[in-house]
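> So the chains spell out like this:
Protein chains: 2
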Amino acid sequence: MTSLRPGCTIGILGGGQLARMLAKAGARLGLCAHVYSPVADDPAFEVCAARTIAAFEDETALAEFAAAVDVVTYEFENVPSQTAAFLEAHSLVRPNPRVLALTQDRLTEKNFVRGLGIETAPFDNVESVEMLAAAVSRLGLPAILKTRRFGYDGKGQIMLREGADLSAAFEQLGRAPCVLEGFVPFAREVSVVAARGADGAFRGYDVCENVHEHHILALTVAPARISPQTAAAAVEMARKIAEAADYVGVIAVEMFVVEEAGGELLVVNEIAPRVHNSGHWTLDGAVTSQFEQHMRAVAGWPLGSTRRHGARVEMRNLIGEQVDEWPDLLAEEGACLHLYGKKETRPGRKMGHVTRVFEGRD
Amino acid sequence: MTSLRPGCTIGILGGGQLARMLAKAGARLGLCAHVYSPVADDPAFEVCAARTIAAFEDETALAEFAAAVDVVTYEFENVPSQTAAFLEAHSLVRPNPRVLALTQDRLTEKNFVRGLGIETAPFDNVESVEMLAAAVSRLGLPAILKTRRFGYDGKGQIMLREGADLSAAFEQLGRAPCVLEGFVPFAREVSVVAARGADGAFRGYDVCENVHEHHILALTVAPARISPQTAAAAVEMARKIAEAADYVGVIAVEMFVVEEAGGELLVVNEIAPRVHNSGHWTLDGAVTSQFEQHMRAVAGWPLGSTRRHGARVEMRNLIGEQVDEWPDLLAEEGACLHLYGKKETRPGRKMGHVTRVFEGRD
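Each protein sequence line maps, in turn, to chains P and G. Straight run, no breaks: the first sequence in my numbering ends on number 1154. Straight run, no breaks: the second sequence in my numbering ends on number 1154.
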């Protein structure tokens, strides 16, 4: 098991806010960050020790990057598979890139989860309008048609309701390979943010509850309003997934909670092989932030305490023009403001977040 | 009152661990840091958006720096007065450099504090062996002879005990202008870390208690074991000092606590016009860290909450080879490790620190 020393360099693919917060968390532990991104004004470039501005397909730049760092990690799951393969041949990559292949394709991911005996939404593979029609007749409507690859924040998906024009929907998604997901009548959405160390140790944060608006995470509250048994089962699912993938780093598993007569049923929605927006509350609300936890894991170091501060922690995203509330948030007693340093405000763009830690008894 | 917007740049003079933690705290709020230091491998260069490696006397570099930033601040009080004057002519400097003149000279500082009706140790000006002899006969021994300028971590001072060779002592300090400080029979050392905003708002953290070893801070515990009345009086002294200096930013005031029949007497030892080692516990142990607080003040923004987490917070410095304990500290449940990224371990050098937040009732 490779273990780094302070002063070593962790290479990060991607330069967005996740890379920015990873770089800062690494610096806290005496680790240098080398950020690799094709976008020159990316937020992470402002807080890192070394930078490469190059395309992910630029093998000369990738080789230099791999030679300059002690381990490579990434802030997003859509790292091109060739990039990942090239880096793995030249450097240690954590988490191992096999998990990218797994999570880049919704069909592969769902089959993997099912293979572990974990529930997912009912789904069918869709490669043609005929297959879509067959899937609809099997799963019923409403259902959600999603491209198998490159979807995020609601992009690449269409809700199909009674009477929908299936052909038009498939056309709208560019006739790309899709999955149709049956409707899950969930009571709430939760996620498990957890980490697995290079030594196989596993630690989950409190399961948190998420509210999405327009398919983008708006609010996370920790802990989630679920029974302790359900919470333990959720963390156990994340552990199973991480172990099966021989995962090293922070992983997030999004789940639906369905209320049934017999109790709460957990249905896995999505796996993110990286630090996750629903774990941002740990920056102010836990002993070890998810960013430090990821850097610890990737460095081959012991995982830190996931203990929560306060009785309840709330994290709200600042999306698009919501960031203009910054003067009020700065002035609000006890609010912890985080701004990502993005040069341009755009609708739907994550510009920052604010955390509130509430004391008092549960 | 000048107030910055997110995306603005704060220039920091000095590139040590204080600048490093300031830069990171600024980034959290969407502020860019431009670090200016003559030392190319300084720790702060690893986490800043822009850097100038140049001497503090290089007026071309200073002018470019002043033009590139929205406000200038500093991580150390020994900024050459000409540098400060030059920058003030070209930029906004916070805290205002008059406080540098005040704190760079122990005699001026003590007279200033006394002028506010606040106790200091008894002291005398010493510019010759004759003046030293007169001071000794007035203040008695033991007493401490300190150079008026450029002392820190016990450098530039000699303890004089009964029978000391006064001439040799004065010689040893290079016959520099000195003060002789009478002995204070203190029960404990405490410090007030506080901030004053550009709007005049003032907020102190919990008074903390400090233990020095070999003249270097070893341990800080918050809160200090003093009465609530004494704690309130200590914060009030810091406020008086900050207001009299028209101060903007984080300030630290070190004090001795003398136990007397009538209660606890506070004696001001030293003022640091900057974030301070005894405030490092706030990174893990308070809602707003001293570094964020300083950046808020310097940006002209409202001050953040100084509320403490937990019942007690302890911060230990990792001095010299103590940093080799990092693997144990990483593995210790609940310990928060901070390493400064210094390339070389030297005796007496501050390499990092570790914070422990203890829960439970007071």
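It is worth saying that the hints were derived from the structure and are not from the lab. Just so you know, even glycine gets a beta-carbon here, dropped at the ideal spot from N, CA and C. Please note that a few of the clues may not be correct.
Across the chosen pairs, the derived CB separations fall in these ranges [stated by the list, open to error]:
no.	chain 1	residue 1	chain 2	residue 2	range
1	P	S1097	G	S795	36 to 46 Å
2	P	T794	G	L1011	50 to 60 Å
3	G	A860	P	A853	25 to 35 Å
4	P	R967	G	D991	37 to 47 Å
5	G	D1116	P	D833	32 to 42 Å
> Hint by hint, say whether it matches the structure.
Do the hints match the structure? See the list:
| no. | hint | verdict |
| --- | --- | --- |
| 1 | S1097/P x S795/G: 36 to 46 Å | 38 Å, holds |
| 2 | T794/P x L1011/G: 50 to 60 Å | 34 Å, violated |
| 3 | A860/G x A853/P: 25 to 35 Å | 28 Å, holds |
| 4 | R967/P x D991/G: 37 to 47 Å | 60 Å, violated |
| 5 | D1116/G x D833/P: 32 to 42 Å | 40 Å, holds |
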